[in-house]
Amino acid sequence: MHNPQLNKHGELQHLLTLDGLPREILNAILDTAAPFTEVAEREVKKVPLLRGKSIFNLFFENSTRTRTTFEIAAKRLSADVVNLNISTSSAAKGESLLDTVDNLCAMQADMFVVRHAASGAPFLIARHLQEQDRDDIHVINAGDGRHAHPTQGLLDMYTIRHFKGDFTGLTVAIVGDVLHSRVARSQISALTTLGVPEVRVIGPKTLLPTDVERMGVRVFHDMREGLRDVDVVMMLRLQNERMSGALLPSPQEFYKVWGLTADKLALARPDAIVMHPGPMNRGVEIDSAVADGAQAVILPQVTFGIAVRMAVMSMLAS
Amino acid sequence: MNIKIANGRVIDPANELDQVQDLYVAGGKIAALGAAPQGFSAERVIDAQGLVVCPGLIDVAARLREPGFEYRATLESEMDAAMAGGVTSLAIPPDTDPPLDEPGLVEMLCHRAKKLNRAHVYPVGALTLGLKGERLSEMAELVDSGCVAFSQANVPIVDNAVLMRAMQYAATFGFRVWLQPLAPFLSRGGFAHDGEVATRLGLPGIPTAAETVALYTYLQLAKVTGARLHITRLSSAEGLGLIEQARAEGMDVTCDVSINHLHLSDMDIGYFDSNCHLVPPLRSQRDREALRAGLRDGRIDALCSDHTPVDDDGKQTPFSESEPGATGLELLLPLTLKWADEVRIPLVRALAKVTSDAARLVGITKAGHLAPGARADLCLFDPEATIQVSRRGLRSQGKNTPFLGLELPGRVRYTLVEGQVMFGDEAA
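Keeping their order, the protein sequence lines are chains B and F. Count the first sequence with this note's numbering and you get residues 1 to 318, in order. Count the second sequence with this note's numbering and you get residues 319 to 746, in order.
So here's chain F without its partners, still in its complex pose (with noise of 0.2 angstroms):
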């Protein structure tokens, strides 16, 4: 369908384009920007005015629940969600049920996804078989079956000797490599932050030593085998400091956060709030602070939401007996337009952390991006509106954020894959 967005104020962070105008769509593809191309006619036209167009968001780690999980969320369900976040690429950790180890789960839930037919799923591969850590997955073979990296998501390798094969024979086909800086044993038994409110409400710490001493184990390793590495989830000023130092010694490694630890801190835990208790743990003020202030000046490469829904029965517990996690695929662009807002970064700058900065974590070059010739995902969204966290709002499954009850900016009002609207949200 040819499709005419008008009046549109078109952002495409990679091309760091930030203008009102038109942007015209045909065959699933952007067609042109400004003025529509030769013998255009378009069969829809969407009128954009007051709205961003930008590419639909790109979220380097959200769980589906599929398989294994089902009675927590589904493909669709999430799916519903992704929509209505305006994300339309997501990246999916391997810790399912069974981990993404052996080729055909991983082109199962390609092909379940694409049936679907709304975001764009790519898959993180289990970087050991069942994540267990102690036998090497078929690299070659899962990425074959669409994994664009390998993760042991928040399931540590023990032994070191495991992790620096696995990284070395990721290295020889330069597949990425995402690992989550968490110490098994120094993070073991621990359900918050080792400070001053976990030491108040009696939670058993997980101490910053126990993501500085991964980061330390895991760069080590990276520039001895040359493995490309990315780190996920980073909680602490300390862990940003040694990424830091790092790079300044040539070395090639990226990084991102999520919306729950750009936004949030220890502190939040209130009385025992178990929305709060999340993977790695929320750190304390200072930390979320060194957060900020990385992804805005670049440090950070991607902000996510790392959704992982969690069913009631799982929150409904005592704090260190919940299940840890939070939903956040609704949130992303809100907490992304909040963030942008409170650091005063022009929208174009913060857009680029969940589209064009992202993309290039995952590897996607057909979006991401507004070129013409690249894929028409699109996110449509009013930076006026705003809306409120609510259980009954949310589209997943997982009513669980420790964000409910807040009013956030941003209301996405359509949502476009491959050139087709797959969310609109007219009534409102």
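Chain B extracted, bound-state conformation (with noise of 0.2 angstroms):
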């Protein structure tokens, strides 16, 4: 089947997921970014890269964190960037998603950054500007539904990289709310990809989706079997809309089972990382004494999302 991101050349013209796309190019955008994260420490934090292109950031679910790093990496690339909530415009008054970019297109749009609840959004998206022989414009996943969050994934293995210098040696573990998490689907297919040689995945039954090993990871309950001498810990967030009812008891017994405490983290290799991709749950996913410690590098994740954001921009606008 013909991947919907890359061009006939094999090239980039989207990105939508990370799931199978090759390591060569997870390791190009993971090259790219490297230099950007100097851009930000200049007194004039811009770079013309993008001058004279226009990004749509279309978020039809909220987002402020992920919208405000988008914009601000293609600012810094010197793009024109327009911000549009759909949740509050066109979608409330019933216009189809497929109108809303139409009309976007009319408007000169370069690149569309593509934030929705649905999950596979972002391709309907690109599959129509395929149809409409528009592939002078670049689509950008920003996060759908419980499918993909490209850019989160490659920040994640840009901080993993930085940290850890290679992939080829690490264990890794990606804890919580995996069933309903685009981050940790991500995450996963990028480090299968990148070659760590052992990913787990630990949380409880009812959070861990159906057939999840195929995906490549071991799968484990016991958080303390789990985080055994692992180089790398991946926190998930835990909505609010998860924590009572069906799928757990209580927000207490999930911090109790699979919260990352300092106890717990002392499992895990000494010089192990703890990330996080925000926002956090202090005392639900997450002690307080971790997320502030000296293992983790959760603000660092931030900083480096504004770097990979760019090389992912430039990338495809070139």
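If you're looking for bench data, these hints aren't it; they were derived computationally from the structure. What you were told as hints is all true, and nothing was included just to trick you.
Chain B residues, not near chain F, derived (Cβ > 10 angstroms throughout):
hint	residue
1	Asn62
2	Leu84
3	Phe220
4	Met243
5	Leu248
6	Asp271
7	Met315
Derived DEER-like restraints, expressed as beta-carbon distance ranges:
hint	chain 1	residue 1	chain 2	residue 2	range
8	F	Ala566	B	Ala246	31 to 37 angstroms
9	B	Ser54	F	Gln603	43 to 49 angstroms
10	F	Met426	B	Ala317	55 to 61 angstroms
Glycine included, C-beta positions come from ideal geometry on N, C-alpha and C.
Can you join these two chains into the complex? Each is in its own frame, and there are hints to help.
Here it is in structure tokens:
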């Protein structure tokens, strides 16, 4: 099956998912991101790579953090950025997703950054653009349903590479609500592609998707067992609506069994790093002492996120 | 009109007949096979050299979308599709708007269909009013109006006490109850088979247990109520296993499968192809293989199109927001032939699944076979020719099907209804 995010030369046309993306492309993005981390340290935090380009942030689902980092990334590349909160505009008036896209194409958009509550929505847009022969317009998935959040996955890989140097000797654990997490899916795709020999997922059966081991991970339900000797701990956010009901009895019980505390972290390798995509629920999935501790790299993740998004945008536009 | 269909390969699954011979039609009925009846003079001769002549296909599930969803399809457009597909009898699920729960409505639908004078329509009435699963419909009246069975379409009854009463009431009269095995809570909020593909794509899943749990319930209730149970659109190997078990215990239960589930699996969703958003969901390749084997050896009684035209607006949305369903009337014959070829069974046995066996489920006695005196509903097709499935080529108003772009075997050349040529592809 044709991978809709690659053009006929095998180059990146859109960034929709990390699943199925070749290792060379993942590495190329990480390599491209490296020099962009320095842009932020300059007095004038701007490069002219995307001057004159129009980037539309199409957010059908609320998000301040991700939208802001994309906006900063685009502005540092000198692009013009338009933010559209669709949940409060056209869609509310009944306009279809593709009608919205057509209208924005007519406004000479060069790139769409799309966040949508339904898995696959950015694929629909990409396919639509392809049918219209608009290969001059690029789509970046900024999170679709439970499916993928590729730039988050990439910034996590950048962070791991920054602190660990290499992927091929690592044991990585992803902890918590994998079922509803697009971040986890992108992380798993990237880690397995980049050659991490052991990727573990840890959580209750109610929060691990069916057949997840087919994605190339080892499943653990016991947090202590799962954290033993890992190099990287990637915590996931537990959303409020999952905390009680039929998936979990209470946030307290979740914290007790799967919350990351100093004593559980002590089972990991002494130099293990702790990551979290944010926003954190302190006292639910992670203890403050760990979140603010020496092993946490949560704030560097945010910083690297801007460089990685600059890399993706500049690669798509070139 | 007296018609002689000359030199065709006449296949009549009901009578296990597969032989090149002439077939004679008079007064809307099959007059004779082989030799002409005495005094027969043909007003028209159809040269069927190289064509298969078989009973018009009987589709046990085709939605025509009337009343209520005329923007998706109309009786006219879908009857055209049926004729082009060689389908001459259709059982219609009750999930129209309003649902087929009122005798007047059913009479009107039958009347409209009759006026169009194409495929025969066999409405399946709503088991409960408005398909709401609360109050029983007027089943006896609905049968008088033309209903052949009762179902909830894809709207499961939540309250099992109501389901049991409905089955009891239907059993009072010996009416057929057709149920889709879909447990309401287990299927709620899901869009694809709960397995590797849904996990990878982040699509909320519908577990196989949604089918098996419903089947356990239906089979138990059929046992205690004595209802004549037919299971529609089986989707899983486990589901088929439960039906086998029930039969081994002596239960009389029938089941069918759709062309989509016979040929596709969740892998075909690919990158969120909303044409593969179906009810029940496409399950794993293992399930598909079990269904193919089950249809082959007779554990599954019939094959149907589950024709569900959806307009483009309903499909050009993210997968989980799209309308489920696919168009299928024109693909029923080609996909029957494709399956027959792939599992290597004789044409006469394969065609039984869409003619004589389907007729038995709907309770049609006058058609579905070619014995003299039967209704001259006929399908003449070229088994060597192929069709290209394309939006332009489909006559149905619904252009949505997972099979778009494929070349499939079997091209219908003529469709006859009660001895009248209603479709002729003579140019081809």
